[in-house]
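**Q** The listed protein sequences correspond, in order, to chains Z and S.
Under UniProt numbering, the letters of the first sequence match residues 1 to 505, in that order.
Under UniProt numbering, the letters of the second sequence match residues 1 to 505, in that order.
There could be a bad hint or two in this list.
[Unchecked claim] Here are the simulated distance ranges between beta carbons:
| # | chain 1 | residue 1 | chain 2 | residue 2 | range |
| --- | --- | --- | --- | --- | --- |
| 1 | Z | S22 | S | I80 | 34 to 42 Å |
| 2 | Z | T408 | S | T113 | 45 to 53 Å |
| 3 | Z | D37 | S | E136 | 20 to 28 Å |
| 4 | S | Q372 | Z | L238 | 41 to 49 Å |
| 5 | S | E136 | Z | N111 | 42 to 50 Å |
| 6 | Z | R275 | S | E345 | 26 to 34 Å |
| 7 | S | H222 | Z | G436 | 55 to 63 Å |
| 8 | S | S197 | Z | P429 | 43 to 51 Å |
| 9 | S | E325 | Z | T426 | 53 to 61 Å |
[As the list claims (entries may be wrong)] In the SDA-like style, the derived pairs of lysine to any residue whose C-alpha atoms are separated by at most 25 Å in a straight line are:
| # | chain 1 | residue 1 | chain 2 | residue 2 |
| --- | --- | --- | --- | --- |
| 10 | S | K378 | S | Y428 |
| 11 | S | K298 | Z | R315 |
| 12 | Z | K71 | Z | P41 |
| 13 | Z | K49 | S | S22 |
| 14 | S | K18 | Z | G135 |
| 15 | S | K146 | S | N181 |
| 16 | S | K321 | Z | D360 |
| 17 | S | K378 | S | D360 |
| 18 | S | K351 | Z | H269 |
| 19 | Z | K49 | Z | R65 |
| 20 | Z | K321 | S | D360 |
To be clear, the hints were calculated from the coordinates, so they are not data collected in a lab.
Don't be surprised by glycine CBs; every beta carbon is placed ideally from N, CA and C.
There are 2 protein chains.
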Amino acid sequence: MLPQTQPTEPADLNRRLKKLTSILDVTKAMSAERDLDLLLPLILYEASKVVEADRCSLFVLDRERNQLWSKVAQGSKSEIRLPMGSGIAGRVAETGEVINLPDAYADERFNRTFDSISGYRTQSVLCVPMRDANGEVTGVIQALNKLSGNAFDSEDEELLLALGAQAAGAIENALLHEEINSLFEGFVSASVVAIESRDPTTAGHSGRVANLTVSLARALEHVHTGPYAHTRFSATELQEVRYASLLHDFGKVGVREPVLVKAEKLYPHELEGLRARFQLARKDLQLHSYRRRIAAVKLRGTQHLAEIEAEEEARLAQECKQLDEVLEFVLTCNRPSVLAQGNFERLHELKHLRFQDGFDREQPLLLEREIQSLSILKGTLSEAERLEIESHVEHTYRFLSQIPWTRTLRRVPEIAYAHHEKLNGTGYPRAIPDTGIPVQSRMMAIADIYDALTASDRPYKKAVPHPLALDILQREVKSGQLDAELFRIFVEAEVPQRAQQPLPE
Amino acid sequence: MLPQTQPTEPADLNRRLKKLTSILDVTKAMSAERDLDLLLPLILYEASKVVEADRCSLFVLDRERNQLWSKVAQGSKSEIRLPMGSGIAGRVAETGEVINLPDAYADERFNRTFDSISGYRTQSVLCVPMRDANGEVTGVIQALNKLSGNAFDSEDEELLLALGAQAAGAIENALLHEEINSLFEGFVSASVVAIESRDPTTAGHSGRVANLTVSLARALEHVHTGPYAHTRFSATELQEVRYASLLHDFGKVGVREPVLVKAEKLYPHELEGLRARFQLARKDLQLHSYRRRIAAVKLRGTQHLAEIEAEEEARLAQECKQLDEVLEFVLTCNRPSVLAQGNFERLHELKHLRFQDGFDREQPLLLEREIQSLSILKGTLSEAERLEIESHVEHTYRFLSQIPWTRTLRRVPEIAYAHHEKLNGTGYPRAIPDTGIPVQSRMMAIADIYDALTASDRPYKKAVPHPLALDILQREVKSGQLDAELFRIFVEAEVPQRAQQPLPE
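With the rest of the complex left out, here is chain Z (with noise of 0.2 Å):
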């Protein structure tokens, strides 16, 4: 498209080449930068310093709505939306055309209402299209005010095209890249919610853990003494360690889901079962007497019936108290509740009960695993269960290793991975010490635990409030297992206040 009109002049031609080669230059600046909030100022900076202008605005075109907006002007902070048509620049997008006026106010077309509000006093501008590669127009560029106090001229026109042209494919490169981000950003959020919806143990923890760990990573740039002084998160870093987070328990998709929602000892089902059991028994005790009093009858006669029945009958009553208090104990034991002494001694007896079934088949009154389930000393999981729920890591480290990360996300898996360990070496999956857990994944872990207390939707225990929970926190720091350092700071910073409020984007 350049150049057009051609200088002859070797001074003219040089300056000419000059200012291409800055072109040049400030189109690789430009295609590197893929953060919109950068690029844009870059871009008027050189479309100031190419045209010699005061200074220049930006104005990307939005098709859906037929408007343009502007992100940044120089001078101006708040965004900017025009319609399509309207004013020097509404005109130059609708039309494709160039608009070069040496003073503004002249023309009718021109709006001083940004002057007015501003308080800048535009004289002369200069007004192109930015178009893409088919030769769209997808934005323009504005030039105000020529530093010479002259007129734009048309070499002027003819390189700030040349700008536009090139910002209008880097500008179409960042937008890109935010809307795959940010397709990503909301896959990987969907899919959060839709897993966390199966399984109200864990609904919003996610995300919340995510936002306590940023906050925490945050918090660090305060630090200036201590084993974090010179610990600092880029932002791809803060990109990375949120996505360990917000994935981190992923992998209880592939844990069974009764086991993950487990309130007692027994599963509904089994209590259920046990419970027809205790009445099928019950009902076997009444059999039974009825055919004592059937023998009694035979050996000693009609006229002692009154006598055998009422021996029976109380005997009976006793018979399914003791039943009934069987079952009493067992309920007892199913609560998620610490044993007491001499529960574990009592019910281990239980398993000598006997009772017959529907067809007087020899039965069991208590099943082998029942007694072992009911057997647990704390909590309501057995060892098999308490490491279906752990193998959740191993299953989140091999879904998170199965995909591609870029470069600056690929230790995603490995943060994620490791936010059950311990520093002394008593966690899990692999009991790994201090030396083998990243930091990110120390400040991940104190962000689990302290939400997994004070979290409300656990039906295994009550929400913990804030200042007892830092007292647990507190117990794990001396106990070794987490980070005293990072735990003084998230106290200290009130890391779990401001992880309330939403994050700056």
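Put chain S on the given structure of chain Z with help from the hints.
**A** The following block gives chain S in isolation, referenced to the frame of chain Z:
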């Protein structure tokens, strides 16, 4: 960086201006090209033009492996990998210096292997580094054989460096674009695998439906008559329908697992409860028999005991036999086969049966909800359960609608939403007629049913062989549910057979 050597003649200056302008133009084209397979030839073509070379090649630096790779060399198709430091290109990549040889064969660093393989005769060589915005070398461009027969000059060096600098940015953008796309792709696939792993009824189903649907969409390319004579899918549209297919069952995450895998009319725990109740009822019959024996002895005296016992044993045996027959009948009804004529009535008569539980409270032998479930005429699902399973489409749509799809993928939610609709308006969840069903959804409907029929992993039915699956689909076409023309193409283009081969990338 440009210009370092300044020409002074207007003709030279103008030629140079023209070349810089053309670099600017190609930079714009490069920044718009995000497909590396198209970008690299574009760069090579322009590089040859700018320095007037017979051909060019381009090597990208792989820092992790300390290698250079070349996806395209003009006149060569296979990928080439070179160790850093090796040959002219390797040396330039390592040192960042420009190498300009009038006679390549006179320089010992030149590697003649490529010439001897290709039969090409390299004379002059100009090789320059490509540097990113931070000045890091990211690759090299190499121009071979200046067309004039002379050596490349210093202006060529500068121009090629300038072009290389722009190319570096474009290549980095394209690689980053590829990286994020493959990250998104990988996350989608991994999520689908993770979610399907909970539900054996659909493991692998989503991937197979995606392959079938995309194969069918590709098959349309060869159709030149009928309603789809002009329907063609671009690469991005194929990607859109692929994501819609991969994610069409994602909403099953919102359906309870036991419902998804229900194999009989009663859930396993329901059947267990029912069996326990029959045992209790059996015991109750026995107890009543003994109560009657006592009453009879009281009335008729011990001398008739043997007689009474015989009578009662016969009666009890009869009663137990009847009870066992009821259970047998219930078990028959529980199977997923079609409920036989008359069984419905018999089931409803059974609701009057009563027994006494362990506390002598009168209880129904069959619960109202059990009779309801056992009365299901076909399959294993109640109306409410069928609706729950059907609701997965709504869940899928809600889930997909939350995601900020890029412009080229924006129809993913809509396509997935309609995959259970039927052309005659008998589908779900909206029961919309053919005019509202996108062609993509019609293709997916055929793929979905075909895979559900032929898959061998559904607990509630056996895998159907290919020809029978086509017969069943044909019947659905005839009844106006599926698209006849698409089904014809599905069969004639042998889509199921094709879909088993991996898709080209």
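**Q** A separate judgement is required for each hint: does it hold in the structure or not?
**A** Status of the hints after comparison with the structure:
1. About 36 Å separates the C-beta atoms of Z:S22 and S:I80, a value consistent with the hinted range of 34 to 42 Å.
2. Checked against the hint of 45 to 53 Å, the C-beta distance between Z:T408 and S:T113 comes to roughly 37 Å, which is inconsistent with it.
3. Distance hint for Z:D37 and S:E136: a CB-CB separation of about 24 Å, consistent with the stated range 20 to 28 Å.
4. Between S:Q372 and Z:L238 the Cβ separation comes to about 55 Å, which falls outside the hinted range of 41 to 49 Å.
5. Hint check: S:E136 to Z:N111, Cβ distance near 45 Å, so the stated range 42 to 50 Å holds.
6. A C-beta distance of roughly 33 Å is found between Z:R275 and S:E345, which places it inside the suggested range of 26 to 34 Å.
7. For S:H222 and Z:G436, the Cβ-Cβ distance of about 57 Å falls inside the hinted range of 55 to 63 Å, so the restraint holds.
8. At roughly 18 Å, the beta carbons of S:S197 and Z:P429 sit outside the given window of 43 to 51 Å.
9. Distance hint check: the CB atoms of S:E325 and Z:T426 are about 60 Å apart, consistent with the given range 53 to 61 Å.
10. Simply put, S:K378 and S:Y428 have alpha-carbon atoms about 19 Å apart, close enough for the 25 Å limit, and the pair holds.
11. In summary, the hint linking S:K298 to Z:R315 is supported, as the alpha carbons are separated by about 21 Å, within the 25 Å threshold.
12. Distance check on the hinted pair: Z:K71 and Z:P41 sit about 10 Å apart at the alpha-carbon level, within 25 Å; holds.
13. Between Z:K49 and S:S22, the direct Cα distance comes to roughly 22 Å. Compliance with the 25 Å bound is thereby established for this hinted pair.
14. Our distance criterion of 25 Å between C-alpha atoms is met by S:K18 and Z:G135, whose separation comes to about 20 Å.
15. A C-alpha spacing of about 39 Å is found between S:K146 and S:N181, which places the hinted pair above 25 Å, so the restraint is violated.
16. For the suggested pair S:K321 and Z:D360, the alpha carbons sit about 15 Å apart, so the restraint of at most 25 Å is met.
17. The suggested pairing of S:K378 with S:D360 is violated, with an alpha-carbon distance near 37 Å, which exceeds 25 Å.
18. With a CA separation close to 24 Å, the supplied pair S:K351 and Z:H269 stays within the 25 Å bound.
19. A threshold of 25 Å between alpha carbons decides the hint, and for Z:K49 with Z:R65 the separation of about 32 Å lies outside it, so the pair is violated.
20. For the suggested pair Z:K321 and S:D360, the alpha carbons sit about 15 Å apart, so the restraint of at most 25 Å is met.
Checked against the numbered hints listed earlier, the structure breaks hints 2, 4, 8, 15, 17, 19; every other hint is satisfied.
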